[in-house]
Amino acid sequence: MDSSIRVLPDALVGRIAAGEVVERPASVIKELVENSLDAGAAHIEVSLDGEPQQFMQVADDGKGISAEELTLAVQRHATSKIQESDDLTQIHTLGFRGEGLAAIGAVARLRLSSRPLDSEMGASVFVEDGRIGAVEPIARAHGTTVEIRDLFFSTPARRRYLKSQTAEVRAISQLLQAYALGNPGVGFSLMQRSKQAFHFPAAPDLASRAAQILGAKRLDRMFPVEIEEADLALEGFLGAPEDSRARSGHQIFLVNGRWVTSPLLRQVVRQAYSDLIPPGRHPEALLSLRLPPEDVDVNVHPTKKEIRLRRERELYPRLTELLRRRVEGHFPSFQLSGQPEESLPDVLEEGRPESQTSLPLYPTSPKAEAEGWVSDQSSVVLPFPKTETKDSAEPTLANLWQLHETYICARVKQGLLIIDQHAAHERVLYEQALKRLQGDPPLSQELLFPLVVELTPDEFAVLLDSLSLLEKVGFHLETFGGTSVLVHAIPAGVREWKHGALLKDILDHISDLPSEMENHERVARSVACHGAVKAGQTLGNVEMNELVDQLFATEKPQGDPHGRPVFLRIELNELHRRFGRSS
0 MDSSIRVLPD ALVGRIAAGE VVERPASVIK ELVENSLDAG AAHIEVSLDG
50 EPQQFMQVAD DGKGISAEEL TLAVQRHATS KIQESDDLTQ IHTLGFRGEG
100 LAAIGAVARL RLSSRPLDSE MGASVFVEDG RIGAVEPIAR AHGTTVEIRD
150 LFFSTPARRR YLKSQTAEVR AISQLLQAYA LGNPGVGFSL MQRSKQAFHF
200 PAAPDLASRA AQILGAKRLD RMFPVEIEEA DLALEGFLGA PEDSRARSGH
250 QIFLVNGRWV TSPLLRQVVR QAYSDLIPPG RHPEALLSLR LPPEDVDVNV
300 HPTKKEIRLR RERELYPRLT ELLRRRVEGH FPSFQLSGQP EESLPDVLEE
350 GRPESQTSLP LYPTSPKAEA EGWVSDQSSV VLPFPKTETK DSAEPTLANL
400 WQLHETYICA RVKQGLLIID QHAAHERVLY EQALKRLQGD PPLSQELLFP
450 LVVELTPDEF AVLLDSLSLL EKVGFHLETF GGTSVLVHAI PAGVREWKHG
500 ALLKDILDHI SDLPSEMENH ERVARSVACH GAVKAGQTLG NVEMNELVDQ
550 LFATEKPQGD PHGRPVFLRI ELNELHRRFG RSS
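Once you know that position 403 of the sequence shown is 402 in numbering that gives the first Met the number 0, the rest is easy, because the numbers rise by one and skip nothing.
You may find that some hints are simply not true.
[To be verified] The calculated lysine-lysine pairs, modelled on DSBU-like cross-linking and capped at a C-alpha distance of 30 Å, are:
1) K194 to K62
2) K216 to K471
3) K162 to K434
[As the list claims (entries may be wrong)] DEER-style ranges, computed between Cβ atoms:
4) S193 to T165: 27 to 33 Å
5) S467 to F578: 55 to 61 Å
6) P449 to T165: 41 to 47 Å
7) E227 to H198: 27 to 33 Å
8) H198 to G39: 53 to 59 Å
9) H487 to G49: 53 to 59 Å
10) E241 to E135: 56 to 62 Å
11) P292 to L447: 32 to 38 Å
12) H487 to N398: 39 to 45 Å
13) E320 to R192: 19 to 25 Å
14) P449 to N398: 33 to 39 Å
15) E320 to R289: 32 to 38 Å
16) G132 to S273: 53 to 59 Å
Simulated from the structure, these hints should not be mistaken for lab results. Here a beta-carbon is modelled for each residue, glycine too, at the ideal position from N, C-alpha and C.
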């Protein structure tokens, strides 16, 4: 290979530059939607046909582009939004770099057609592999339409990094919803294969638009945030702690109408809920922050998804305090420090009164009773194939007792075994769910009254693609109009069913491009987490023995599905050493 330095051809330069702007189909839609918003569109319609990389179209009713400027619009660094370097310090538009259309035209077949409101005729231009064709007159309504075909046809290696059709469509849907939330006065539509996936008519304010997208029931469970000060305005909605999600994808942050990735706002929300939700959970959040344009630097990356705030060190503690006050006003945190301490006799007391009630490990259900999965203690014991275990893996246990309603303690031959009851039950339920997903008959518990669960358009799309998977794990579902679903039955053994939390967690956890086994493992982990007994729940002797027996019949009793240890063994020799005794 010749190593001499040379100037690269324009076509190759265009492809390299496009790699920074056009990462996937959603990147294309983002650039085009931002152009439409900057053009003052009252309505934006996005159309897809099958795989987005094969065909995408964005149509708007904005001010349009004249025939004379059409070829300029598809050239690199040609824009009407900034004129000089000082303009970069006060960006008032979503786009400004003049790279979007040129970058797309370098890696796709692009047709741009437009007509300004004051023109009788429109015009169209075709771009392929960076080559700009002749401008042709056409008859059309005022506004602009951009049609994209065969994305990455000139760089086929890029197509290998695209995700599944469902994942790419979902990314586009999420993007449109985010921009719809940031621009409630603009109507948004998404068409898939000539069918309307959603339509959000123009709304008077953020609350009305949020109701369109999130659903009225979901919005009712959130509380509004409205903060207005001299140099900032923050509005939006925050979710209840019990509705926290497994992933942060249900947090939407907008800065000056731009959908952004904001570590600052994410951390502000986390701190505001620090006493209310456990680690690893994320509250639902929709926050729109307005700042003076000079305080926001959007010229960080060609995608404009990352931003810098010039007063970040000042804004972080200030926003955290403002949000914390609102959150604590709606959801007072529990103060555990004021609870009375147990006396020494209480701590040493052995046993428990016979009348003390305990929670069953496996709640009964009509389906379970019909199939005979009911024990003498009215607990549903899910079938689990017993496996041969080594003596070292399954110690002989005696005198089980519960410590602080969290740990099961047992005397073993040469010491003490301490078992985390939640982790142990998670391991049992995880392996049972995994076996059902891999072919064992599903076990369900019917709900006394079917529950309507409202999903976002994204969640609903994933659900439709995953119905067979959900049925295998024990759900009985039917669509119920719009993006709602009617739940008749849930997986046997599930204890937590708050407003469909388990179903939403499973939809969150299904990966964009997983192997089938990865999907099964994620679903099984969600079922196990929601079904397992929690720390603080009292267990009876029969339940503790039942749980321990099933734990040591699993394939990997040492760890829970997340990799945390299930039990700890303290050898008698270690106790002797700690107390200074000779063995």
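Here is what the structure says about each hint:
1. With a CA separation close to 27 Å, the supplied pair K194 and K62 stays within the 30 Å bound.
2. For the hint pairing K216 with K471, the CA-to-CA distance comes to about 28 Å; that is within 30 Å, so the pair holds.
3. A threshold of 30 Å between alpha carbons decides the hint, and for K162 with K434 the separation of about 27 Å falls inside it, so the pair holds.
4. Evaluation of the 27 to 33 Å hint for S193 and T165 yields a failure: the beta carbon distance comes to about 18 Å.
5. At roughly 58 Å, the beta-carbon separation of S467 and F578 lies within the given 55 to 61 Å, and the hint holds.
6. Between P449 and T165, the C-beta spacing of about 27 Å breaks the proposed range 41 to 47 Å.
7. In this structure the supplied range 27 to 33 Å holds for E227 paired with H198, their Cβ-Cβ distance being about 31 Å.
8. For the pair H198 and G39, the supplied restraint of 53 to 59 Å is violated, since their beta-carbon distance comes to about 20 Å.
9. Checked against the hint of 53 to 59 Å, the pair H487 and G49 fails, with Cβ atoms roughly 33 Å apart.
10. Distance hint for E241 and E135: a CB-CB separation of about 59 Å, consistent with the stated range 56 to 62 Å.
11. For P292 and L447, the Cβ-Cβ distance of about 55 Å falls outside the hinted range of 32 to 38 Å, so the restraint is violated.
12. Remark: the range hint 39 to 45 Å for H487 to N398 is upheld by a beta-carbon distance near 43 Å.
13. Between E320 and R192 the C-beta distance comes to about 49 Å, which lies outside the given range of 19 to 25 Å.
14. Remark: the range hint 33 to 39 Å for P449 to N398 is contradicted by a beta-carbon distance near 45 Å.
15. At about 19 Å, the CB distance of E320 to R289 disagrees with the hint of 32 to 38 Å.
16. Checked against the hint of 53 to 59 Å, the pair G132 and S273 passes, with Cβ atoms roughly 58 Å apart.
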